[in-house]
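Chains as they are written, first to last, in the working numbering: chain A, 1 to 114; chain B, 1 to 114.
No lab work stands behind these hints, which were simulated from the structure alone.
Some hints here could point you the wrong way.
Only pairs whose alpha carbons sit at most 20 Å apart, straight line, appear in this in silico EDC-like list of lysine to aspartate or glutamate [said to hold, decoys possible]:
(1) B/K101 with A/E84
(2) A/K41 with B/D55
(3) A/K38 with B/E42
(4) B/K101 with A/E52
(5) A/K40 with B/D84
(6) A/K41 with B/E16
(7) A/K9 with B/E42
(8) A/K40 with B/D54
(9) B/K60 with A/E44
(10) A/K18 with A/E52
(11) A/K19 with A/D85
(12) A/K22 with B/E42
(13) B/K56 with A/E102
(14) A/K38 with B/E8
(15) B/K52 with A/D100
(16) A/K53 with B/E8
(17) A/K53 with A/E67
(18) A/K38 with A/D100
(19) B/K52 with A/E102
Just so we're clear, the structure is a prediction, and the values are computed from it rather than from any experiment.
What follows is each chain in one-letter form.
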Amino acid sequence: DTEVTQTPKHLVMGMTNKKSLKCEQHMGHRAMYWYKQKAKKPPELMFVYSYEKLSINESVPSRFSPECPNSSLLNLHLHALQPEDSALYLCASSQVSSGDSEQYFGPGTRLTVT
Amino acid sequence: GNSVTQMEGPVTLSEEAFLTINCTYTATGYPSLFWYVQYPGEGLQLLLKATKADDKGSNKGFEATYRKETTSFHLEKGSVQVSDSAVYFCALSDRTSGTYKYIFGTGTRLKVLA
């Protein structure tokens, strides 16, 4: 199984809502990633977890809060978002965080903030 | 810092034409290099990778050779199909505080006409 799953597929939320994005993999990978992708742009890294510990936070605003409850699961909690946060949110995983590890991406959650 | 430069798109080709998408990089050391493809409405999929100089990555008819002397990793395919229409991202693996992350190029959109 080389699949990364993400739920929900689409999410529309108001600026005062709280919601969560979920990502799951069962490949035994120990590194997991959150990316934000705007239209016609490359993915921008937000967070990296390595062995369930947060190892990179790319100066992401605190309205985005990541959580890695176990080695298979990665959540992104959303609160008080702005319309400019509307984007495709991609999750990825790799065996470990190493120079030659390839990342496996999920299909993404399309987020619209109204 | 490390960076990746890709040729501007979109690239429009007729079916069975030869494809080249240029990618050059700036890096200290010798990072691993990757090509990812993103089909409309989907996440990214690894196309191929190379981990050291003169390595050739290949997959599904696509090839790229890690050229240290020209700091390049150009993507080629001898005969493209309509189904190859997608956005292609070149990436290198960069190390920050002991954790690896991708640096992506801007992406090149390919459109193949029947």
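Status of the hints after comparison with the structure:
1. B/K101 with A/E84: Violated, at roughly 24 Å.
2. A/K41 with B/D55: Given that 20 Å is the threshold and the Cα spacing comes to 28 Å, the pair is violated.
3. A/K38 with B/E42: holds, 13 Å
4. B/K101 with A/E52: Judged against 20 Å, a Cα distance of about 16 Å means the pair holds.
5. A/K40 with B/D84: Holds: A/K40 and B/D84 sit about 17 Å apart, inside 20 Å.
6. A/K41 with B/E16: Given that 20 Å is the threshold and the Cα spacing comes to 28 Å, the pair is violated.
7. A/K9 with B/E42: holds, 11 Å
8. A/K40 with B/D54: violated, 31 Å
9. B/K60 with A/E44: violated, 27 Å
10. A/K18 with A/E52: violated, 23 Å
11. A/K19 with A/D85: Roughly 13 Å separates the two Cα atoms, so the pair holds.
12. A/K22 with B/E42: holds, 17 Å
13. B/K56 with A/E102: holds, 16 Å
14. A/K38 with B/E8: holds, 17 Å
15. B/K52 with A/D100: holds, 10 Å
16. A/K53 with B/E8: This hinted pair is violated, its Cα atoms lying about 37 Å apart.
17. A/K53 with A/E67: holds, 9 Å
18. A/K38 with A/D100: violated, 26 Å
19. B/K52 with A/E102: holds, 14 Å
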